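There are 2 protein chains.
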Amino acid sequence: MEPRGSERKISEICSAVLARIQPTEEDRRKSREVINRLMAKLSEGLSRRGIEAEVRVEGSFAKDTWLAGENDLDLFVLLPEDSPRELFTEVLEVAQRLGGKRRLKYAEHPYLEIEFRGYRVEVVPCFRLRSPTELRSAVDRTPFHTQYVSRRLNDGLKREIRLLKRFMMGTGCYGSEFKVGGFSGYLCELLILHYGSFQGLVGRAASWKPGIIIDIEGVYADPSEVRLLFGDRPLVVVDPVDRSRNVAAAVSLQSFATFVLACRDFLKEPHEKFFFPNPARKISRRELSRLIERRGTGLFCITFKTPDVVEDVLYPQLRKTERTISAALAREGFEVLRSDVWSDGISVILLEVAHSCLPGLRMRVGPPITVSASNFIGRHLHSGKSWSGPYVNSEGRVVFEVEREKRRVGDVLRQLLDRREGFGKHVKEAVSEGYRVYEGKGVLRLCRYEGVATFLSEYLTRCLPWYR
Amino acid sequence: MEPRGSERKISEICSAVLARIQPTEEDRRKSREVINRLMAKLSEGLSRRGIEAEVRVEGSFAKDTWLAGENDLDLFVLLPEDSPRELFTEVLEVAQRLGGKRRLKYAEHPYLEIEFRGYRVEVVPCFRLRSPTELRSAVDRTPFHTQYVSRRLNDGLKREIRLLKRFMMGTGCYGSEFKVGGFSGYLCELLILHYGSFQGLVGRAASWKPGIIIDIEGVYADPSEVRLLFGDRPLVVVDPVDRSRNVAAAVSLQSFATFVLACRDFLKEPHEKFFFPNPARKISRRELSRLIERRGTGLFCITFKTPDVVEDVLYPQLRKTERTISAALAREGFEVLRSDVWSDGISVILLEVAHSCLPGLRMRVGPPITVSASNFIGRHLHSGKSWSGPYVNSEGRVVFEVEREKRRVGDVLRQLLDRREGFGKHVKEAVSEGYRVYEGKGVLRLCRYEGVATFLSEYLTRCLPWYR
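So the protein lines, in turn, are chains X and E. So the first sequence is numbered by our numbering: it starts at 1 and just counts up by one. So the second sequence is numbered by our numbering: it starts at 1001 and just counts up by one.
If a hint is listed, it holds; no wrong ones were tucked in.
27 Å max Cα-Cα, derived DSSO-like pairs, lysine-lysine: (1) E/LYS1441 / X/LYS406; (2) X/LYS105 / X/LYS41; (3) X/LYS385 / E/LYS1268; (4) E/LYS1385 / X/LYS268; (5) E/LYS1406 / E/LYS1441; (6) E/LYS1179 / E/LYS1282; (7) X/LYS41 / X/LYS30; (8) E/LYS1385 / X/LYS282; (9) E/LYS1385 / X/LYS441.
Far from chain X, some chain E residues (derived; all Cβ distances over 10 Å): (10) GLU1026; (11) ILE1051; (12) ILE1114; (13) GLU1429.
Because the hints were derived from the structure by calculation, they are not lab data. These figures come from a predicted structure and were not determined experimentally. Virtual Cβ for every residue (Gly too), placed ideally from N, Cα, C.
Excised from the complex, chain X in its bound form:
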């Protein structure tokens, strides 16, 4: 039981936060105007092309769960179920004429992003289905999500959802699923529907351990069945409109743990900074240089031109490439302390190792005594590169001490980048067209690219937002 005082404090904070995030009448009027205008133009254009389609607002504007200042509008164009897929292209051609700054994007299928009067509008063609389990494209499920949530909401629940979304944003757990590995808007909505309120959720989540299963409609009788189906995820939230889908599939252990920690800390010392954290400190180039120097580690940035795909495609590939390179360095004996990726006009894979250079000697430890070591011994005995061994160590394993072939991270990196095995598809193509490797303070030369200075600042002073 939280003390009464703390509960009152939380209520006060929530009220203050709501005052900042509830859309005003002016916000609503403006968004309605933009939506009506775009929908009318789009419908008109489509019917003029003879395309039978329904234009519909989806996402948080449709459900009235958007936050003041949030300007992401989703306009879906629902085509008859039996339409040919080629119709998508025609729909997007029509949308291209809506005006504003346009950008055609490709996730699992193409969509158009328009900047229009301060709103970022996504025009997404999809098929209108009878059932959400017979998808023709990945976005066909969205209208069912909108319908499921809208039917169950009231003004109170909308407030709670807005609080949770802002809490997720403030603590760094919210955002584009694949970039952050965080909690999506739909997931936030379901969590509130399930727990009834923001405080109800936070109280429970503070003692969450990885392996939480939330099955709102109670379609599975047995948790073991859920685990078998969805694997070893920290959080499983069964999609109420499609029982075969985990709405929280993208939630990484990192985001999960961050959210749990945030809930614990918030209950202990409630504060508005969990919703609106202090901005990250701006760091001068000179200070960055000092930070890098005192770390005394091996810092490396690999850069290449960013492939022309959407973030949801790009980031998983960057992360995959980052993991591949980290694993390869670890295999070569380097201790990888941390790594990260960043992308805008150029893409950056950052790697930090404890030592850029390893000893000439490398220990090769053979199998345990329960297994034959003959192959291991034979291989090293005749390699011509063994300095000592075979001998037996205190764990009873055969050891050879051999000459290390690659002592420098730089050499290993260049070899990996020339082979490009285990890289994401588009990243692989981009790297094959050229890459650069920056080392140590040399990475500061990348500050000429907008955003990299911020990326490096945040990397070097990384901190949970509510501890800033």
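Given chain X, work out where chain E should sit, using these hints.
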């Protein structure tokens, strides 16, 4: 099944080895002469002092399991069970007058080592007991061992024991129990009594896995009882004269695995070198310097004056100190590749680390999400030494990046040597009187001490003897 040819080859090798290790008539005559002479003098001296005692040959000469060239004679002075312990001193005073180069030593109790006509004779006072389970001193069991083995031997078994002892010596598994963590003479005898022959043992041992239990007299009904009693040792051989004792207690996993590997290799390619390996290569100081340089590691030797205790007391203390220092270095973040000890006039603890200097940055990783991280966070948040954090890593743990206090091995070593916590008792005393730390090629200055050059050579070219 080994092919016939291989079995014949093994027999031929065993015959050749036996020809070298079976004592000749001349060997026997000479040892008898020395034994008779010493026993007579000792008995006479004791009775002249009015000490009622029986002088008896123990060990491998008593059992006729000694090898030609092995010159370690054990003379036990058995005192009546109810004698005062002070009588030991009187016995040793008498033994001091036997002539030869004498050295008084202290294991669990004092004994005298005499060099006499090429023999190393140990004069050991002990109590004559009715039962080996009611010991008054650690050596009181020995006469019972001698009796147990002698009664069961015949000429055939003696040959097999000699072969096994020589095999253990040749493969580096034999020797002073506490120095090598190897197989004692008595253990070799029991193994042959149990398996019937050298080849029988080798055939079985080739597929040994750690956890072997040999209970010759079958006093335990259940292996789990044995494990409970003797713990998780690679080899348990229940002492037939004292069921509460594991004769193989000193056998380390390293010696165990070495022996198993030797058996496998011997069966695959039988050769006399398993009994008489090639001598280790002599390495010039210039070459040592080259070997150290190309390893590119951090090599350190700590030296101090050797405490005046017997090897069985000294080596466990040196090993303990070595482990304490290695563990402390690992705790500070250093990767300890190998370590070793050596002792003669001075004692040396050698430590080799991958890097002598660590980065300024140190990762402090907190508990898993299932446990509260508040203490961890609180401690680092207010330490004034954290550079970044708290943040959550991909394993869902809270991380701080802090300033490393001790970056250099040398500094950590000097601090450990000044505190001397977790050192062996006599080593601690010796170190408190002074120590030195040699680093890198500086360790070569220790070659002025006889034996250190050999120690370093063997360390740097370490190899199982039969692979030389």
